[in-house]
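Let's have the full structure, built from the sequences with the hints guiding it.
Protein chains: 2
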Amino acid sequence: MRAEIISIGDELLIGQVINTNAAKIGEMLNLAGIKVVQVSTIADDKLSIINSFNAAREKADLVLITGGLGPTKDDITKNTLCEYFKTKLVLNQEMLENVKAIFAKRNIVLSEVNKKQAEVPENCIAIKNNNGTAPGMWFEVDGKIFVSMPGVPFETIAMMENFVIPKLKAEHDLPFIYHKTILTQGKGESDLAALIEDWEDSLAAKNIKLAYLPSPGMVRLRLSAYGENHAQIIKNVEDKITEVLPTISKYVYGFEEFGKPVPKIESILGNLLLSKNKKIALAESCTGGYISHLLTTVAGSSAWFNGSIVPYHNQFKNELLNVNNKIFSTAGAVSEECVKEMAEGVLKKFNSDYAIAVSGIAGPSGGTEEKPVGTVWIAWSSTKETKTRKFIFGHNRERNIHLTAINALNGLRRMIEDEGF
Amino acid sequence: MRAEIISIGDELLIGQVINTNAAKIGEMLNLAGIKVVQVSTIADDKLSIINSFNAAREKADLVLITGGLGPTKDDITKNTLCEYFKTKLVLNQEMLENVKAIFAKRNIVLSEVNKKQAEVPENCIAIKNNNGTAPGMWFEVDGKIFVSMPGVPFETIAMMENFVIPKLKAEHDLPFIYHKTILTQGKGESDLAALIEDWEDSLAAKNIKLAYLPSPGMVRLRLSAYGENHAQIIKNVEDKITEVLPTISKYVYGFEEFGKPVPKIESILGNLLLSKNKKIALAESCTGGYISHLLTTVAGSSAWFNGSIVPYHNQFKNELLNVNNKIFSTAGAVSEECVKEMAEGVLKKFNSDYAIAVSGIAGPSGGTEEKPVGTVWIAWSSTKETKTRKFIFGHNRERNIHLTAINALNGLRRMIEDEGF
Chain B
1 MRAEIISIGD ELLIGQVINT NAAKIGEMLN LAGIKVVQVS TIADDKLSII
51 NSFNAAREKA DLVLITGGLG PTKDDITKNT LCEYFKTKLV LNQEMLENVK
101 AIFAKRNIVL SEVNKKQAEV PENCIAIKNN NGTAPGMWFE VDGKIFVSMP
151 GVPFETIAMM ENFVIPKLKA EHDLPFIYHK TILTQGKGES DLAALIEDWE
201 DSLAAKNIKL AYLPSPGMVR LRLSAYGENH AQIIKNVEDK ITEVLPTISK
251 YVYGFEEFGK PVPKIESILG NLLLSKNKKI ALAESCTGGY ISHLLTTVAG
301 SSAWFNGSIV PYHNQFKNEL LNVNNKIFST AGAVSEECVK EMAEGVLKKF
351 NSDYAIAVSG IAGPSGGTEE KPVGTVWIAW SSTKETKTRK FIFGHNRERN
401 IHLTAINALN GLRRMIEDEG F
Chain C
1 MRAEIISIGD ELLIGQVINT NAAKIGEMLN LAGIKVVQVS TIADDKLSII
51 NSFNAAREKA DLVLITGGLG PTKDDITKNT LCEYFKTKLV LNQEMLENVK
101 AIFAKRNIVL SEVNKKQAEV PENCIAIKNN NGTAPGMWFE VDGKIFVSMP
151 GVPFETIAMM ENFVIPKLKA EHDLPFIYHK TILTQGKGES DLAALIEDWE
201 DSLAAKNIKL AYLPSPGMVR LRLSAYGENH AQIIKNVEDK ITEVLPTISK
251 YVYGFEEFGK PVPKIESILG NLLLSKNKKI ALAESCTGGY ISHLLTTVAG
301 SSAWFNGSIV PYHNQFKNEL LNVNNKIFST AGAVSEECVK EMAEGVLKKF
351 NSDYAIAVSG IAGPSGGTEE KPVGTVWIAW SSTKETKTRK FIFGHNRERN
401 IHLTAINALN GLRRMIEDEG F
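Those protein sequences? They're chains B and C, same order as listed. Just so you know, we're using this note's numbering here: the first sequence kicks off at 1 and counts up by one. Just so you know, we're using this note's numbering here: the second sequence kicks off at 1 and counts up by one.
Just so you know, these hints were derived from the structure itself, not from any lab.
Same chains, same label: a pair holds when it works inside one copy or across any pair of copies.
Cut-off 16 Å, straight-line C-alpha distance, at most; resulting in silico cross-link-like pairs (EDC-like, lysine to aspartate or glutamate): (1) K348 <-> E319; (2) K180 <-> E243; (3) K209 <-> E11.
Dropping the structure here:
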């Protein structure tokens, strides 16, 4: 099955919004065994939309359309779909209930404009939007499938996951694809590639493709294989993973399973704490709350996260965490001594089993010759010991904050699993 | 002048790489007065490339192509361009010097494969790549311009800035375009549209286009106008903004200026605090450090951010912020009483001028009939007063955290600017 994605919206053409939706949809289709042949981004303009529909049906069996479904005047996709499929809008009772429920929950009066959100073309299957008022629409005409979805990524992706992909899988014989991804932290892409070069060369004989997916501080290694014999394909991939693990085990923090979301380091750490019935607390200086934020995005984190203190000035490192004031005038706030006392202080304050403390120069200013921007000290404390490590990252503030967090979290995972540093 | 952007690369179609290049090129063209009519993302495949060239020349005067110019076998753009324009590759001496210089700088021996990078089609103008080995290529055939550029964003954007945009401006009479965007928070897209309906209808008479750009918790309103008379166009847009402001002033937190990055609410609040020489502290329960994180992404935030406490359990709300334990057994942790004491407690603890406290049920579990998932209380304290407000958001944990943060930050901005709630 061949697919084209059509993204509708002037804001995409003038670069005000980056088209992340198309990338995510492309990934989901690819994982389901559907080949994406083109992504077309076009204006909120009737003629452009109709021309792109005509061009897409020449190339693809499946056309996924996003955007232009809002209640405002610049959103014209729904009326254009009606014109294209020679049909008319009708009120869909189920969709109206959804719109009503959303407005009731938000305590807002439902206006006539918003009621119109529940109108869909007569010949389509309406798709309930669990996260917004604009329904999706599924058309099948002359053997071609057209699916129109809202453009808000949060709404689009949920609709793809809950409805579009399952329906495509149920109704079409898609080829078997198996992916498994090794999650690594602590080694750059090219260094990792050099480590596993011979193993990588051996993959071709088993028809396995390897992709390096780098993101700041991490590299994901995705193995993919296609074919008919499901059991054999899975075995080939698993065998190859078993083969490479001894070489890179120091850097591996988890695996991403076929069709499941990427496990995040914060969830992996959370599960580990939960399984051991341990609690964590944090003292964050240069990361300003980011590590706590990552941990508390995990549902149920209150079972293992006690809390944190963000002391953004030395005065508060002293007052709230009992860091000795002498340290600031001798070693400075960005030092092994300081993070050690911060970690031990916050461990006590929150009566926890483990604590992380970070202090560094996130930048862009504040660096010195001795401690350049990107210098970060991290301490990990348990009730038995405190370990520390110095990192030197780069110049970019946001990236430094992120890299500090990733290393802090994986460092604690390694401490708990007693893997050494 | 109408343009189409063609992005070539399998990695874009399967979502392994997000197409940021097209967004940036679109923005640059738009700012230069060139209308982007389509972005087509296609595979590294000869037939797809030729078909997309043919389709693009029907719609556009200018076709900007990125990707597929690397030295490896899967990069076929250059040979396909030769075939399409019925020409052959010739070695370009200036481009060869560039390739040689780059290899010399990196201390790498120049291979035959890499020398080929300096070959370009005979009928094109070669464009020197200041950041890499693959030259750009400029073709003019039958009144249509085709420009092929490398796909590495860093290389593409420099080539656009240094060569493509200046040459287009020098050789073509491009219209003037003016955009200005009103940043709003606190009112949904459709409610906002209802408020400004009459005003929106009046824009057409001035040839101004309005776009609604919603993101969670916020809506940006972009006004755009094109034409010859620069001063008149700017005046028309500014007059219309002045006209609508009284209607929506409660929701406006800033403006995005022509060609500049979007100001974030956290930066706007930070600048406001800085200008008044005031300091802020936070007590974050359900947001788990996210608001502090947003504030500390702003460079220089230590000038106005003192710190925060994330007390993720009642015990620590009591111990660290002096919230009266009775509140937990009567009103509960998600209550007006609790956030009021949290805000006043953290204000004192960090000796600050302003404080924000939040407590809520982020979800997905933990809701009750009386306090469903998404219920959030926010308190804003100054040294003079404390204000509180209850919000009911949705079911999604991450979204609830984000919406709480956005509302908390804009609420404090409103308190400081004394705009009322």
